[in-house]
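Chemist: Sequence:
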Amino acid sequence: MLGTAIARGVKIELCYSQALLSDNPNARRTMISNVTQLIRVTRGRGLVFSSEARSALGVRAPSDVMNLASVWGLGHEKGKDGLSKEARSVVEFARLKRTSYRGVIDVVYGGEKPAPAPADKNKQTPKGQKAKGQNKRKADSLEGTPVGQSGEDRAVSKNQAKRNRRAQAQQ
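Numbering-wise (UniProt numbering), the sequence shown opens with residue 1 and increments by one.
Hints in this document: simulated from the structure, not taken from any laboratory.
Being a predicted model, the structure only gives us computed values, none of them experimental.
Check before you lean on any hint, since a few could be wrong.
Here are the simulated distance ranges between beta carbons [as the list claims (entries may be wrong)]:
| id | residue 1 | residue 2 | range |
| --- | --- | --- | --- |
| 1 | 91 | 27 | 27 to 37 Å |
| 2 | 6 | 91 | 42 to 52 Å |
| 3 | 57 | 7 | 34 to 44 Å |
| 4 | 56 | 98 | 55 to 65 Å |
| 5 | 6 | 110 | 18 to 28 Å |
| 6 | 25 | 92 | 31 to 41 Å |
| 7 | 157 | 104 | 22 to 32 Å |
| 8 | 54 | 25 | 12 to 22 Å |
| 9 | 32 | 99 | 14 to 24 Å |
Restricting the straight-line Cα-Cα distance to at most 20 Å, the calculated cross-link-like pairs of lysine-lysine (PhoX-like) are [what the hints assert, rightly or not]:
| id | residue 1 | residue 2 |
| --- | --- | --- |
| 10 | 78 | 11 |
| 11 | 97 | 85 |
| 12 | 113 | 11 |
| 13 | 11 | 80 |
| 14 | 11 | 85 |
No residue lacks a Cβ here, since even glycine has one placed at the ideal position from N, Cα and C.
Working from the sequences, and respecting the hints, build out all of it.
Modeler: In structure tokens:
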């Protein structure tokens, strides 16, 4: 049952400060036993470490919490994930639940579309880019292009254009 919950994405929060600050040795023993069993069953996936401290004495540094997790049987990388990646995913999931609706995550107003600036003909373009209308080949400058009966240009292959130029040169 716990494995299916982890597969669904449920996170389990492990609060360590009560076990560290408790005067009762049975409470510590029970906490350590429960945590080691959870680590064994979940294989370290979906665990979030937090202090839940009521005073500043119960809070530990992240490296101390990772070492504590390794003592309980969790690897160093999984302990780091339990402090950083898993905790962030819980907060991000809660934010998405609060701000999204039926697959729509967020509607962002992008502002007004700027009006196109008038193009200057003398304006230089950056190297590697060609100004509009300065292509390598222009359909108007092709010689030997046959004109249809309606007076409009038709597309001609390179070989046909070459034959047309040779025919005009021979005449």
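Chemist: All hints, please: hold or fail.
Modeler: Comparing the hints with the structure gives:
1. 91 x 27: 27 to 37 Å: Hint holds: Cβ distance 29 Å, inside 27 to 37 Å.
2. 6 x 91: 42 to 52 Å: violated, 18 Å
3. 57 x 7: 34 to 44 Å: holds, 37 Å
4. 56 x 98: 55 to 65 Å: The hint (55 to 65 Å, Cβ to Cβ) is violated, given that residue 56 and residue 98 are roughly 30 Å apart.
5. 6 x 110: 18 to 28 Å: violated, 39 Å
6. 25 x 92: 31 to 41 Å: For residue 25 and residue 92 the Cβ distance comes to about 39 Å; the hint holds.
7. 157 x 104: 22 to 32 Å: violated, 50 Å
8. 54 x 25: 12 to 22 Å: holds, 20 Å
9. 32 x 99: 14 to 24 Å: violated, 39 Å
10. 78 x 11: Holds, because 14 Å separates the two Cα atoms, which is no more than 20 Å.
11. 97 x 85: holds, 18 Å
12. 113 x 11: violated, 44 Å
13. 11 x 80: Holds, because 15 Å separates the two Cα atoms, which is no more than 20 Å.
14. 11 x 85: holds, 12 Å
Of the numbered hints stated above, those contradicted by the structure are hints 2, 4, 5, 7, 9, 12, listed in ascending order.
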